[in-house]
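Heads up: the sequence shown is residues 1 to 338, going by the numbering used here.
No lab work stands behind these hints, which were simulated from the structure alone.
Take the hints with a grain of salt, since some may be wrong.
Here are the simulated lysine to any residue pairs, SDA-like style, with alpha carbons at most 25 Å apart [claimed, not checked]:
hint, residue 1, residue 2
1, Lys313, Asn196
2, Lys188, Asn52
3, Lys2, Ser234
4, Lys113, Lys201
5, Lys2, Ser61
6, Lys113, Ser234
7, Lys188, Lys113
8, Lys261, Trp315
9, Lys201, Leu259
10, Lys313, Leu198
11, Lys263, Gln303
12, Lys50, Asp87
13, Lys263, Thr140
14, Lys57, Val47
15, Lys2, Ala34
16, Lys285, Thr140
17, Lys304, Glu236
18, Lys295, Glu219
19, Lys263, Ile306
20, Lys57, Asp67
21, Lys295, Phe185
22, Lys117, Asp62
23, Lys313, Glu329
24, Lys188, Asp282
Derived CB-CB ranges, DEER-like [claimed, not checked]:
hint, residue 1, residue 2, range
25, Glu311, Lys23, 17 to 27 Å
26, Leu310, Lys263, 13 to 23 Å
27, Arg112, Gln303, 41 to 51 Å
28, Asp208, Gly135, 18 to 28 Å
29, Met1, Lys247, 39 to 49 Å
30, Gly94, Leu158, 11 to 21 Å
No residue lacks a Cβ here, since even glycine has one placed at the ideal position from N, Cα and C.
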Amino acid sequence: MKLLVTGGAGFIGSNFVYYMVNKYPNYHIINLDALTYAGNLENLLEVEHKPNYTFIKGDISDAQNVDGIFRNGVDIVVNFAAESHVDRSILEPGIFVQTNVMGTQVLLDAARKYNVKKYVQISTDEVYGTLGDTGMFTETTPLAPNSPYSASKTGGDLLVRAYHETFGMNVNITRCSNNYGPYHFPEKLIPLMISNALNDKQLPVYGDGLNIRDWLYVEDHCSAIDLVIHKGISGEVYNVGGNNERKNIQIVETILEALDKPKSLITYVADRPGHDRRYAIDATKIRNELGWQPKYNFETGIQKTIAWYLEHKDWWTRIQSGAYQEYYEKQYGGRLGD
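Work out the full structure, taking the sequences as your base and the hints as a guide.
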């Protein structure tokens with residue numbers, strides 16, 4: 001079984017690669033990643049020499065390169081590859097459309113051409129927009145994205161649905177709540193707050209800090225995707241959530257308390273445009289139909305995450321300095337091509 005994981009050097013993708021390489025030694029995991037700013041091969045040091053793992057540097061929008069990979073045999077595609085930071089999408093929307101929409105279309109065309117057995121699109125709860133004080137996103141919630149990032153992810157999702165309806169492709173879409181855990185790029189809320197607190201730097205909190213997110217430990221997300229690959233019904237969407245709603249300020253205060261740092265490090269900054277107030281995922285469908293159960297609640301997951309960042313200070317300081325980007329050339333020296 002050949003499984004192509006796109007974006008496998010990013011946060012969720014690298015955790016998924018670890019999960020699959022170790023759980024399924026008889027599967028060959030091919031990791032295609034463009035190594036843009038958030039792609040980091042140092043995330044995958046422990047698997048890079050395993051016989052059932054191959055890394056290929058490349059962009060999912062490069063149709064010729066993608067075709068060459070599929071020509072050599074691919075059974076399953078799991079597409080994590082995406083521009084994913086909302087703030088960056090506000091500054092440069094075009095990059096998000098190119099990767100998240102056009103790149104998805106390139107993958108779908110190749111998957112259809114070479115009769116891939118299953119295509120799984122990894123999406124986000126942000127495609128649903130925002131919630132009020134009550135209610136949760138279900139798989140039938142209308143799509144109402146509020147940022148260029150979430151709009152581009154919505155576009156990709158709709159293409160996946162269309163290829164199922166038009167061409168009969170075996171596809172699934174998963175939409176997850178906010179992930180956290182090891183190898184999370186330090187621009188995102190939890191790793192940024194941990195690293196700033198450890199360096200006694202100010203912790204910037206948007207607006208009033210009362211925006212609410214549902215938090216999902218990344219290993220639990222990986223186990224859900226594994227189930228969707230093997231048991232997901234063609235054409236179905238599966239929401240994956242941790243049922244761990246927290247206000248942003250609660251997250252920050254939890255981190256400060258765990259690190260024994262003062263709340264005086266918190267500084268409120270101007271809110272970003274179109275900042276969704278609340279997300280909450282109803283994961284009843286994947287629990288009932290596929291039997292998924294998360295292993296971690298937020299209390300256990302956040303402590304595990306904080307401990308990881310304490311133990312891997314070299315990893316995130318290299319990212320903050322930019323030195324992590326040198327690893328590809330050092331390790332591969334261009335042997336894999338671009």
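Here is how each hint holds up against the structure:
1. Lys313 with Asn196: Holds. Lys313 to Asn196 sits at ~12 Å (cutoff 25 Å).
2. Lys188 with Asn52: 31 Å, violated
3. Lys2 with Ser234: Holds. Lys2 to Ser234 sits at ~19 Å (cutoff 25 Å).
4. Lys113 with Lys201: 51 Å, violated
5. Lys2 with Ser61: Status holds; Cα separation ~21 Å.
6. Lys113 with Ser234: Distance of about 18 Å is within 25 Å: holds.
7. Lys188 with Lys113: Given pair Lys188, Lys113 is violated - Cα atoms ~37 Å apart, limit 25 Å.
8. Lys261 with Trp315: 22 Å, holds
9. Lys201 with Leu259: Status holds; Cα separation ~13 Å.
10. Lys313 with Leu198: 9 Å, holds
11. Lys263 with Gln303: Holds - the C-alpha atoms of Gln303 and Lys263 are around 18 Å apart, at most 25 Å.
12. Lys50 with Asp87: 36 Å, violated
13. Lys263 with Thr140: 40 Å, violated
14. Lys57 with Val47: With a Cα-Cα distance of about 16 Å, the restraint between Lys57 and Val47 holds, given a limit of 25 Å.
15. Lys2 with Ala34: 20 Å, holds
16. Lys285 with Thr140: 11 Å, holds
17. Lys304 with Glu236: With Cα atoms ~32 Å apart, Lys304 and Glu236 exceed 25 Å; violated.
18. Lys295 with Glu219: Satisfied, since the Cα-Cα distance of roughly 8 Å is no more than 25 Å.
19. Lys263 with Ile306: 17 Å, holds
20. Lys57 with Asp67: 14 Å, holds
21. Lys295 with Phe185: 23 Å, holds
22. Lys117 with Asp62: Holds: Lys117 and Asp62 sit about 22 Å apart, inside 25 Å.
23. Lys313 with Glu329: OK: Lys313 and Glu329 at ~22 Å, within 25 Å.
24. Lys188 with Asp282: OK: Lys188 and Asp282 at ~23 Å, within 25 Å.
25. Glu311 with Lys23: 17 to 27 Å: Taking Cβ atoms as reference, Glu311 and Lys23 lie about 23 Å apart, which means the hint holds.
26. Leu310 with Lys263: 13 to 23 Å: 20 Å, holds
27. Arg112 with Gln303: 41 to 51 Å: 44 Å, holds
28. Asp208 with Gly135: 18 to 28 Å: 21 Å, holds
29. Met1 with Lys247: 39 to 49 Å: 42 Å, holds
30. Gly94 with Leu158: 11 to 21 Å: The hint (11 to 21 Å, Cβ to Cβ) holds, given that Gly94 and Leu158 are roughly 19 Å apart.
The structure fails hints 2, 4, 7, 12, 13 and 17 (numbered hints given earlier, in ascending order).
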